[in-house]
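Based on the hints, put chain B in the right spot on chain A.
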Amino acid sequence: MSVAARIDEIVAAHAHREGPLLPVLHEVQAAFGCVDEEAEAAIAKALNLSRAEIHGVVSFYHDFTAKLDPRPCVELCRAEACQARGVEALVAAAEAAAGARVRLKTVYCLGLCSASPAARIGDTLHARLDEMRLARLIENA
Amino acid sequence: MTYERQTDFGTPEALSDTFVTLTIDGREVTVPAGTSVMRAAAECGGAIPKLCATDNVKAFGSCRLCLVEIEGRKGTPASCTTPAEQGMEVSTQTPRLEKLRRGVMELYISDHPLDCLTCSANNDCELQDQAAAVGLRDVRYGYEGADHLGTQTDTSNPYFDFDPSKCIVCSRCVRACDEVQGTLALTIDGRGFASMVSAGQQGDDFLSSECVSCGACVQACPTATLQEKSVKAIGKPERAVVTTCAYCGVGCTFRAEMRGEQLVRMVPWKDGKANRGHSCVKGRFAWGYANHRDRITKPMIRDKIDEPWREVSWDEALTFTASRLNAIKTQYGARALGGITSSRCTNEETFLVQKLVRAGFGSNNVDTCARVCHSPTGYGLKTTFGTSAGTQDFDSVMQADVILVIGANPTDAHPVFASRMKRRLRQGAKLIVIDPRRIDLVRSPHIEAAHHLALQPGTNVAVLTAMAHVIVTEGLADEVFVRERCDWQEFEEWARFVAEERHSPEVLEAVTRVPAGEMRAAARLYATGGNGAIYYGLGVTEHSQGSSTVMAIANLAMATGNVGRRGVGVNPLRGQNNVQGACDMGSSPHELSGYRHISDGDTRALFEADWGVTLDEEPGLRIPNMLDAALDGSFRALYVQGEDILQSDPNTHHVAAGLAAMECVIVHDLFLNETANYAHVFLPGSTFLEKDGTFTNAERRIQLVRKVMEPANGMGDWEVTQALANAMGLQWHYTHPAQIMDEIARLTPSFAGVSFERLEAEGSLQWPVNAQFPDGAPVMHVDGFASGKGKFVVTDYVPTDEKTGPRYPLLLTTGRILSQYNVGAQTRRTENVVWHEEDVLEIHPSDAENRGLKSGDWVRLASRTGETTLRADVTDRVAPGVVYTTFHHPATQANVVTTEYSDWATNCPEYKVTAVQVMASNGPSEWQESYASWSEKSRRIVPAEPAE
Numbered sequence: 026m027s028v029a030a031r032i033d034e035i036v037a038a039h040a041h042r043e044g045p046l047l048p049v050l051h052e053v054q055a056a057f058g059c060v061d062e063e064a065e066a067a068i069a070k071a072l073n074l075s076r077a078e079i080h081g082v083v084s085f086y087h088d089f090t091a092k093l094d095p096r097p098c099v100e101l102c103r104a105e106a107c108q109a110r111g112v113e114a115l116v117a118a119a120e121a122a123a124g125a126r127v128r129l130k131t132v133y134c135l136g137l138c139s140a141s142p143a144a145r146i147g148d149t150l151h152a153r154l155d156e157m158r159l160a161r162l163i164e165n166a
Numbered sequence: 009m010t011y012e013r014q015t016d017f018g019t020p021e022a023l024s025d026t027f028v029t030l031t032i033d034g035r036e037v038t039v040p041a042g043t044s045v046m047r048a049a050a051e052c053g054g055a056i057p058k059l060c061a062t063d064n065v066k067a068f069g070s071c072r073l074c075l076v077e078i079e080g081r082k083g084t085p086a087s088c089t090t091p092a093e094q095g096m097e098v099s100t101q102t103p104r105l106e107k108l109r110r111g112v113m114e115l116y117i118s119d120h121p122l123d124c125l126t127c128s129a130n131n132d133c134e135l136q137d138q139a140a141a142v143g144l145r146d147v148r149y150g151y152e153g154a155d156h157l158g159t160q161t162d163t164s165n166p167y168f169d170f171d172p173s174k175c176i177v178c179s180r181c182v183r184a185c186d187e188v189q190g191t192l193a194l195t196i197d198g199r200g201f202a203s204m205v206s207a208g209q210q211g212d213d214f215l216s217s218e219c220v221s222c223g224a225c226v227q228a229c230p231t232a233t234l235q236e237k238s239v240k241a242i243g244k245p246e247r248a249v250v251t252t253c254a255y256c257g258v259g260c261t262f263r264a265e266m267r268g269e270q271l272v273r274m275v276p277w278k279d280g281k282a283n284r285g286h287s288c289v290k291g292r293f294a295w296g297y298a299n300h301r302d303r304i305t306k307p308m309i310r311d312k313i314d315e316p317w318r319e320v321s322w323d324e325a326l327t328f329t330a331s332r333l334n335a336i337k338t339q340y341g342a343r344a345l346g347g348i349t350s351s352r353c354t355n356e357e358t359f360l361v362q363k364l365v366r367a368g369f370g371s372n373n374v375d376t377c378a379r380v381c382h383s384p385t386g387y388g389l390k391t392t393f394g395t396s397a398g399t400q401d402f403d404s405v406m407q408a409d410v411i412l413v414i415g416a417n418p419t420d421a422h423p424v425f426a427s428r429m430k431r432r433l434r435q436g437a438k439l440i441v442i443d444p445r446r447i448d449l450v451r452s453p454h455i456e457a458a459h460h461l462a463l464q465p466g467t468n469v470a471v472l473t474a475m476a477h478v479i480v481t482e483g484l485a486d487e488v489f490v491r492e493r494c495d496w497q498e499f500e501e502w503a504r505f506v507a508e509e510r511h512s513p514e515v516l517e518a519v520t521r522v523p524a525g526e527m528r529a530a531a532r533l534y535a536t537g538g539n540g541a542i543y544y545g546l547g548v549t550e551h552s553q554g555s556s557t558v559m560a561i562a563n564l565a566m567a568t569g570n571v572g573r574r575g576v577g578v579n580p581l582r583g584q585n586n587v588q589g590a591c592d593m594g595s596s597p598h599e600l601s602g603y604r605h606i607s608d609g610d611t612r613a614l615f616e617a618d619w620g621v622t623l624d625e626e627p628g629l630r631i632p633n634m635l636d637a638a639l640d641g642s643f644r645a646l647y648v649q650g651e652d653i654l655q656s657d658p659n660t661h662h663v664a665a666g667l668a669a670m671e672c673v674i675v676h677d678l679f680l681n682e683t684a685n686y687a688h689v690f691l692p693g694s695t696f697l698e699k700d701g702t703f704t705n706a707e708r709r710i711q712l713v714r715k716v717m718e719p720a721n722g723m724g725d726w727e728v729t730q731a732l733a734n735a736m737g738l739q740w741h742y743t744h745p746a747q748i749m750d751e752i753a754r755l756t757p758s759f760a761g762v763s764f765e766r767l768e769a770e771g772s773l774q775w776p777v778n779a780q781f782p783d784g785a786p787v788m789h790v791d792g793f794a795s796g797k798g799k800f801v802v803t804d805y806v807p808t809d810e811k812t813g814p815r816y817p818l819l820l821t822t823g824r825i826l827s828q829y830n831v832g833a834q835t836r837r838t839e840n841v842v843w844h845e846e847d848v849l850e851i852h853p854s855d856a857e858n859r860g861l862k863s864g865d866w867v868r869l870a871s872r873t874g875e876t877t878l879r880a881d882v883t884d885r886v887a888p889g890v891v892y893t894t895f896h897h898p899a900t901q902a903n904v905v906t907t908e909y910s911d912w913a914t915n916c917p918e919y920k921v922t923a924v925q926v927m928a929s930n931g932p933s934e935w936q937e938s939y940a941s942w943s944e945k946s947r948r949i950v951p952a953e954p955a956e
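Protein chains in written order, with my numbering: chain A, 26 to 166; chain B, 9 to 956.
Okay, chain A solo, but in the shape it has when bound (with noise of 0.2 angstroms):
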C-alpha cells in the first residue's frame, strides 16, 4: 500500500471527529515512524488544510518526528518529581549504556511521579529505576 493510500486510510478512521489532526498524526507516527514531508503534504490534502499548518503541528509536538530514525527509543522522564528521586545521577551511565543504537529521549513526566524515577519504551512504563535497571532495559531496548 503507498504511503497516500494508507495515510488516506487513517485521515478516514478519523475524519469524524472534530479535531481530527492530532489523533492521525498520532497514528501516522506509529506506522510510519515518522510524519515526513511527503506525510505531510497528504495529510494536508486530506484534511483540507494547508502544508504550513501541518508542519506547524508536526514541528511543535516533540511525540512527531521528520525523519525515521530506526534505533529504539528510551523515554527518561526528568521532570521535578523524578530529579527529586535522583534521576539526575543515572543520566550519565544510561547515555553510556544507549551510546549511539538506542535513542535516549528526555520526557518531562510520565505521570508516575510517586513511583519515579520513572521511562517509557514504547508504550511500557518503567518505575523505581535505579542505574542498573536502567542501563539492562536500555541495553534490552
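Keep in mind that the hints were calculated from the coordinates and are not lab data.
This one's a predicted model, so the numbers in the text were calculated from it and none came from an experiment.
Incorrect hints may have been included.
What the hints assert, rightly or not - Some chain B residues judged to face chain A by a derived CB distance under 8 angstroms, without partners named:
(1) S24
(2) R199
(3) G211
(4) E218
(5) E456
(6) S929
(7) N930
(8) G931
Glycine included, every Cβ here is placed at the ideal spot set by N, Cα and C.
Okay, now just chain B, sitting in the frame of chain A:
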C-alpha cells in the same frame, strides 16, 4: 504628501451599534462595544507600545508590550485583547508598566542584530520605534547567549526577502496570511526558543511553498525580516501618493511610495474601500513593466506595415496620422473610420476616444474590449434590472450566507476580492461553484464548496434553468418579493416555462453532465440558505448564450428575492481595472455615456449642443464587424488605444487579415504589442503612474488615479488623444482630466454629482451619483428596480454550434492564472514570469493516456480555425473531454484556435467553448513560425536622425 506610515490602530475596527465610554490616561473616549482598549487609546490620540498587534489581524496578545493598568482590576492585562468597557479607567504609562515593558524589550533586543544603521528598515521599523517608546537604555542580558543571528536569508521570492535573523516571532505574517489572504502558507516551525517563521513545510522556501506573494506578510512585518527587495535596493521612500491599481476590476487603492521620480513600492491603502488594505501579487509587486526596456516612448510611423518603423517627432506623427485619417474620411466617408477605447485607460481618456470617433471621425464606430468580455452583462442586466452593472459593493459579501460562483475563478483573476470571499466562507457561508474546471475555491485549505456543478462547457443556461425548475416546482420562489418588485405576468410566464418537464435536472443531466441530485441540492441551498449572492465572470459571458446566461442568473436572483439589500445580489466580476468605466463612458457603438441609445434624439441633442457637432444617429460597427468590413473594403482606419486585439480577440487569423487590410491602423500603447505588427502609426502611451484620472471598478466605485511621475513619453494618454483631435482640426482645450470629468458629469445623469473635488474629499463614489442618490449607491435596486419592475426573461437553452466530432473530439475552455494578467503585456515584463513562464494545456489523465501524453510534453492543439503548440499538464482539475489553457503569452496565441462564434445579442466571442484535437507534437505550428518571423520583421525600428 511627505512620507508617513499609515495609522495602525492595533486591532480591527469593531462594528457594533452600541457604544461605551471609558477614560484612558484621563482622556474620555467613546468607542463601539467590542473595541479593544488598545484601539480606543489610538482613537483618542494615544499610542500604547505594541509589537504583535496590527489592525488588519485579530489581537494575539503575545508580545506583552501593550500591558496597561485598569482601575479596580488586578494585574496588567494586555490592551490588545482587553475589550473597552463602560466606565473603565485605564492607565497606559505608569512606573510599573514602564519597567515591565523595558524588561520585555530587553529580551527581544538580546537576540536581534543591532545593525540598525545599515538595515533596510532603518527609520521605518516598529521594533526601533517601540524600543524608543519604552525607553530602552541597556540590555542586561547581554548578547552572548544563544541567538538566531546566523540564520540564512531566504531570497527565493522575486519581490521580497525573508531574513529570520531579524525576526521577533510576533506571528503577524502568519496571521496576515491566515486571516487576510486566507492562503495559510506560513507557520511557526518548532517551539520555544527554536520557534521560527516558516513558509510551507520541511524543505520549502517561500517560492516553493503555497505562498501566492500577495504581500500581506511583508506589510504586516514590524521589522526588516520580510522586506521588499526594492526597498533594500533603493532605500526608504520619501513621499506617498494614493492611487488606484491598473490591473483587475477589483480596483485596489495603493500608496505609491516614491523616492524622487522613482517608485519604491506599492503598499495597499488601508482606507481603500475596495481592497480594505489588501493586495495581490500583481498590484503590489508587478509594476516593473512601467520602466521596462521594451517600453516605447517615441512616436513612430511607417507607410506600409512591412517596412521598419521610423521614430519621429510628435508633430510629424500627429500630422501624418491626421492627414491619413482626413484623407480616408474624404475618400470613403466617416463610416470608414473607427476607434477602440481601452478598459485600462481612465474614464476621461476613454471618454475622449469615443468623443474623437463620434465628433471627430464622424461615425459611431467605437467599441471597447468589453465587447469580448462583459458586453453580455451590459445587455443582460440592463434588460432585467434596468442598469448595466453589478448590484453590490464588495463589502456586501460579508453578509452573504450562500455564495454562488459561476464561470469565475476569483482566487486567480480577482484575488483580493477572493480573499474577502474566503474569509466569509471560513465564517460559515456556504459555497456553490458552477464551473467545468475544479477551480481552487472548490477545495482549498479551510474552504470547500457544498456543491461543485462541473458542467459541460456551453451548458450554463441549461444548468441555471434546471435550478430555476427546482425553485419553481418545489415552491421555493419568493412570491412576496416577486409580486412587489417584478412584473407578475412575466414571472408567471417564466415560471411556466422553467417548470416544463424538459427543464428538470433529470432531463437536462444528459446535456449538462451534472448529476440531477447535485443540481437539485444546489438550487435548494441557494433558494433557502439565507442571503444568496451570485458572483460570475467570463465563464458566463463568453458563450454563444452569454446574454441568456446573465438573464438566467438575474431571473434566479429575482425569483428568490435575492436583490436589493446587503449580502445578496448579482455581481459580475469585471476583468479589467476600468472595464466598467469604459462601458459607462459610451464606448459601445450604440450607446452614449450612461447607456443611452444613440438613436435617442434628446440625448443626441444634448451632446450635439455641447460638442457643436451633428452626431450620426445610426449605431456604428462592433469590433468583429469592423474587421469584417475591413476585409470587404468599407472600413479603412482604426485608432486602438491600450488594447491588443490581435492577441486577445478570437480567431487570430481573421483579426490579422482584417488589420492587414486597413490603410491606417494607429496603435496607442506602452509596448509594440501584437496588434502593432499591423499598424502604421505607433503613439507611445503612458502608465497609470504617469497621469491623473479616474477608474471605475466592478462595484461601480469611481476612484482617483494620481500622477506620481512624469510620463516617459511626454504626454498622458488623454493629452495624446487631444493632440490627435486637434491635429485633425478639432478645437479641444482640456488642461486637466478634471475638466473632462466635469463634461462627463454635465452630459451623463448617473455621473451628475461626480467631480474630482468630491473624489478628492470623499475617496470614492459609487454611481449613480445624482439628485436621487446624492452620495452614490453601494447597493442598487433597494427601493425597487432601476427600470421600475424587474423583468423576467425566458431563456431557452440553445446548444452552441461549436460541437465536438471525430476530428475535434475535445472541448477547449480558456481562463486566467494569478500571476499573469490578460495578454500579459505588463505581467510578462515583470518577475511574475517566475510563476508562469508559458501557457500550458490542462488535460485529464484519461484523455492524455489515450494520446500517449504526459505532463511537460509538447502538444499540438488544433481546431477548425487554427493550431498552436504548447506543453501539456495532465491533471484531473478538468473533466474527461475538456481541456483548458490561458492566453497570457503571444508565443502560444491560444486565440489562433478559438472561433468566430459569439453571443447572439452582443457578439461577445465564445472563448469558452472550442472543439479541438490534441496530439503529440515536436515543434511549433506553421502559424507560430510564420507569425514569429513576421513579428520580428514588423518590429524593426529605425531611430530618428539626430537633430542638426
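Restraint: N930(B) near chain A, CB-CB cut 8 angstroms. Satisfied or not? Cβ of N930(B) sits 34 angstroms from chain A, so the hint is violated.
Do the numbers back the hint for S929(B), that is, is its least Cβ distance to chain A under 8 angstroms? violated, 32 angstroms
With 8 angstroms as the cut and Cβ atoms as the points, is S24(B) at the interface with chain A? Status violated, d = 30 angstroms.
Please verify that hint: G211(B), Cβ, nearest Cβ of chain A, below 8 angstroms or not. holds, 6 angstroms
Next item in the hint list is E456(B). Is there a CB on chain A closer than 8 angstroms to its CB? For E456(B), the interface hint holds, since the closest Cβ of chain A sits about 6 angstroms away, which is under 8 angstroms.
Less than 8 angstroms between beta-carbons is the criterion; does G931(B) satisfy it with respect to chain A? With a minimum Cβ separation of about 36 angstroms from chain A (threshold 8 angstroms), the hint on G931(B) is violated.
When the nearest CB of chain A is found for E218(B), is that gap smaller than 8 angstroms? Hint on E218(B): holds, closest Cβ of chain A at ~6 angstroms, below 8 angstroms.
Interface hint compliance - R199(B) to chain A, C-beta minimum distance less than 8 angstroms: holds, 5 angstroms
Checked against the numbered hints given earlier, the structure breaks hints 1, 6, 7 and 8 and satisfies all the rest.
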